[in-house]
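*Asks:* Those protein sequences? They're chains B and U, same order as listed. In terms of this note's numbering, the first sequence is residues 1 to 109. In terms of this note's numbering, the second sequence is residues 1 to 148.
These aren't lab readings, by the way, just hints derived from the structure by calculation. A few of these clues could be false.
[As the list claims (entries may be wrong)] In silico lysine-lysine, DSS-like type, Cα no more than 25 Å apart, as pairs: (1) B:91 with B:81; (2) B:24 with U:81; (3) B:24 with B:6; (4) U:81 with B:59.
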Amino acid sequence: MSDDIKPRLRVPATAKKGEVIEVKTLITHPMENGQRKDADGKLVPRLIVNSLAVTYNDKPVLGVTLEPAIAANPYLAFFVKVEESGTLRFKWTDDNMQSWTAESKVEVS
Amino acid sequence: MTTGTSRIRRRSALFAVAGVLAARGALATPDSAKEWLAGLAKGTPKDGKVTLKAPEIAENGNAVPLTVAVESEMSEKSYVKALYIAADGNPNPPVAIYEFTPMSGKAEVSMRVRLAQTQKLIAVAEMNDGTLYAASREVKVTIGGCGG
Numbered sequence: 001m002s003d004d005i006k007p008r009l010r011v012p013a014t015a016k017k018g019e020v021i022e023v024k025t026l027i028t029h030p031m032e033n034g035q036r037k038d039a040d041g042k043l044v045p046r047l048i049v050n051s052l053a054v055t056y057n058d059k060p061v062l063g064v065t066l067e068p069a070i071a072a073n074p075y076l077a078f079f080v081k082v083e084e085s086g087t088l089r090f091k092w093t094d095d096n097m098q099s100w101t102a103e104s105k106v107e108v109s
Numbered sequence: 001m002t003t004g005t006s007r008i009r010r011r012s013a014l015f016a017v018a019g020v021l022a023a024r025g026a027l028a029t030p031d032s033a034k035e036w037l038a039g040l041a042k043g044t045p046k047d048g049k050v051t052l053k054a055p056e057i058a059e060n061g062n063a064v065p066l067t068v069a070v071e072s073e074m075s076e077k078s079y080v081k082a083l084y085i086a087a088d089g090n091p092n093p094p095v096a097i098y099e100f101t102p103m104s105g106k107a108e109v110s111m112r113v114r115l116a117q118t119q120k121l122i123a124v125a126e127m128n129d130g131t132l133y134a135a136s137r138e139v140k141v142t143i144g145g146c147g148g
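Extracted from the complex, chain B is given alone in its bound form (with noise of 0.2 Å):
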């Protein structure tokens, strides 16, 4: 099941010195809010991704704390400031200390 989880990003690839720059990003997750049953009526564990952490050239950009409310794939878009061309790194982590990496570049004039 985990081999069907995915992050995707949206992320310009170029961008002007000091742009604030829109970032769009989404996981394919199913959330498991832990208030859902199965079709035996037994509640289904808890299982969600619950923290997203962005950096630019490893130094901290944002960091989000996603719980059980957030809806299925979740979807989170946000903005980064630019200075320099660098790498936009995202790590998403899931209630069993699963996590998946997503990176991309931007290229600074």
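Starting from the known structure of chain B, fit chain U onto it as the hints suggest.
*Replies:* Just chain U, lined up with the frame of chain B:
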């Protein structure tokens, strides 16, 4: 003929309904949302600076688009440190916590949330000097989105 049993049945049905209502009441309280927020953001939030954008009526509570923006220059001197988002009618009120840095550039975030019923979304922003700002917005939900 079956009045006795049907009365009992009706009564147990009533109890069941009452039980469900009580359980719902215990789970979804606006106070628990406030408590969660108060535990994170110490102090009394002021009005202003925070805007919540969400549909007035959400037909499907499983994925309600939400954008929260906080007015700030996002410089080393003055930036939004954290943003706490809660939903006061969900079984669990916390929605998300965002921790920003000046590198975030702009304190505006979008996500999709699950809403179990018609309720209020609350956002509290904590600035780097400790000042708090809060805003809320009601979303009417036609079909709740919390499993079940």
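*Asks:* For every hint, state whether the structure bears it out.
*Replies:* Hints versus structure:
{"no.": "1", "hint": "B:91 with B:81", "verdict": "19 Å, holds"}
{"no.": "2", "hint": "B:24 with U:81", "verdict": "21 Å, holds"}
{"no.": "3", "hint": "B:24 with B:6", "verdict": "14 Å, holds"}
{"no.": "4", "hint": "U:81 with B:59", "verdict": "16 Å, holds"}
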